[in-house]
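The sequence shown maps to residues -22 to -1, 1 to 461 in mature numbering (1 follows the signal peptide of the UniProt record, and there is no 0).
Calculated from the structure, these hints are not laboratory results.
Hints are supplied without guarantee of correctness; some may be wrong.
With a straight-line cut-off of 25 Å between C-alpha atoms, the simulated SDA-like cross-links for lysine to any residue are [claimed, not checked]:
#1 Lys437 x Arg285
#2 Lys193 x Asp180
#3 Lys58 x Leu392
#4 Lys437 x Thr399
#5 Lys96 x Ala358
#6 Lys153 x Gly83
#7 Lys189 x Glu372
#8 Lys153 x Ser70
#9 Lys431 x Asp220
#10 Lys153 x Ile117
#11 Lys425 x Lys242
#12 Lys21 x Gln247
#13 Lys58 x Lys79
#14 Lys21 x Glu328
#15 Lys258 x Arg11
#16 Lys21 x His118
#17 Lys286 x Ser270
#18 Lys79 x Lys21
#19 Lys437 x Ala389
#20 Lys58 x Arg11
#21 Lys437 x Asn307
#22 Lys189 x Lys58
#23 Lys153 x Leu125
#24 Lys153 x Glu328
#25 Lys286 x Arg269
#26 Lys79 x Glu160
#27 Lys242 x Tyr157
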Amino acid sequence: MSRIIPLLLVAFFLLSVDTLFAQAEADDDPVVRGRKLFLHQWKPGDELSPQGDGLGPMFNGTSCVECHSLGGVGGSGESKRNAQFLSFLPESGKFTDDGIKSFLGRLKGMHPDFVDDKDQFSFGVLLHRQSTTPDYAAIHDEVTTPLPSNYDSRLRIRRMLSQRNIRPVDALPLKLVTYQDELQYALAERNPPQLFGLDAIDRRITEGDLKNIVKAQETSRTGVSGRLAGKFGWRGQMRDLDLFIKGACATEIGLQVHEFEQTKDPLRQDYSLKGTDLSKAQIDDLIRYVRSLDVPSQVLPNDPQQRKMIAEGKQLFANIGCAECHVENVGSVSGVYSDFLLHHMGQQFEDPIPAEPVAKFTERERMDVIVSYHGMRRRAVTTELVKTMEVGPEQHTEYKTPPLWGVADSAPYLHDGRATTLRAAIEWHGGEAYSSFRRFSLMSEEKQFSLLKFLESLKAPQDAQEAPPQLTDSVADNGAALR
């Protein structure tokens, strides 16, 4: 027995040393450090933000993984994680040059981010779901409540339907909320996209590759005609992946970085953070982690009959025109199924916030997050501009083709998560994609099933780590505590 105890002590010592060395090696790996930041649940005054104020004051989630967990850490998000934007539409024929000052005043009164200090306005502002200010929750609930069905609101809706040549019996494709005199406000939403394979998309797909697709679509017989934009964001509003990640930190969690200020609290406009919540080393680690997320892949079953059905579904996918926009291979990236171009998706996709030309800017300190991250230009008010806003041009129905790799594990679908199934997502397609939807609807049930089975074979990365449930379920708990 006396010999066993020293041996056990030696074994325990060696095991402890091995553990310490393994921990030290992990701490030296920027990807491991970045993953910890991705999973970290931020708090106001967080210890990881010694030069900042931690979470908030405005935020949509307390961690990256809350909104990116479907199919594994780094996946897409549920519709309850959607980013919400408050936008507006002016009443037809009620705007004059004399009313510009009043117009700007009402916009700024609704939300200070609508108008900057140069009296330039934006079509929309990010309406955060949560705040560290207790009074914000009630205001958010009031502003996002659907328009009541009364005499005045029904008249407004009828006028807007008439402007758009939509029959009164059909639904208006806008989520109307509150209104002020000639200004009608609407809610727009964006579903969190999956982050898998972003490094490959960024590094291995060039602008030249996308221009070749634009040129090829010019000869399309179905009306498909993509517009070049950035590769990141539902409106293709950003070309720079690193800035896209930094912008998400600042706007979605309220973590100020060198390039982007955290969003100001509309109820505390005098508060401003001088430092940053994330150091350069921290943000570099986080970017390294996001860039390390593997590309999704097709997973084929062992059953030969199932494999045959999937192969037939893939051929049908191409035959009915889906592959015109959902291009299988782009540049040196295989199986991505996207053209990364903007397409007119039909009247049911109208959004008061247009898809803007991608802003040209160089990375610098404290960029305007509305312009450079959300891609919404600021403009001076003119009567002519307001008239074009009354009925949005095609830019108001344009969205970037999302990559379909990993689509089996990324429901809900479309830019606002309106489709809960792959079939529903196809059936929503209009505009340039209407021809493909029409062909799908005319196929036999058997062929439709084969096409859907093909899409269901496009899985998230097989090595994607499952998101810890206590992190992905924390929004409600934290929201209640912080309100």
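Restraint check for Lys437 with Thr399, where alpha carbons must lie at most 25 Å apart: holds, 15 Å
Hinted pair Lys21 and Glu328, Cα distance within 25 Å: Roughly 37 Å between the alpha carbons, so the hint for Lys21 and Glu328 is violated.
Satisfaction of hint between Glu372 and Lys189, Cα-Cα up to 25 Å: With Cα atoms ~20 Å apart, Lys189 and Glu372 stay inside 25 Å; holds.
Straight-line alpha-carbon gap Lys286 to Ser270, limit 25 Å: Judged against 25 Å, a Cα distance of about 33 Å means the pair is violated.
Restraint check for Lys431 with Asp220, where alpha carbons must lie at most 25 Å apart: violated, 35 Å
Pair hint Lys153 and Ser70, alpha-carbon separation not exceeding 25 Å: Holds, because 18 Å separates the two Cα atoms, which is no more than 25 Å.
Hint consistency between Lys425 and Lys242 [alpha-carbon to alpha-carbon, up to 25 Å]: violated, 52 Å
Holds or violated: Lys153 to Ile117, with C-alpha atoms at most 25 Å apart: It holds: about 18 Å lies between the C-alpha atoms, which stays within 25 Å.
Distance restraint between Lys258 and Arg11, which requires alpha-carbon spacing of 25 Å or less: Roughly 13 Å between the alpha carbons, so the hint for Lys258 and Arg11 holds.
Hint consistency between Lys286 and Arg269 [alpha-carbon to alpha-carbon, up to 25 Å]: Measuring from Cα to Cα gives roughly 34 Å; hence the hint is violated.
Agreement of Lys189 and Lys58 with the hint, judged by alpha carbon distance not exceeding 25 Å: Violated, because 36 Å separates the two Cα atoms, which is more than 25 Å.
25 Å Cα cutoff - pair Lys21, Gln247: holds, 21 Å
Of the numbered hints listed earlier, those contradicted by the structure are 9, 11, 13, 14, 17, 18, 20, 22 and 25.
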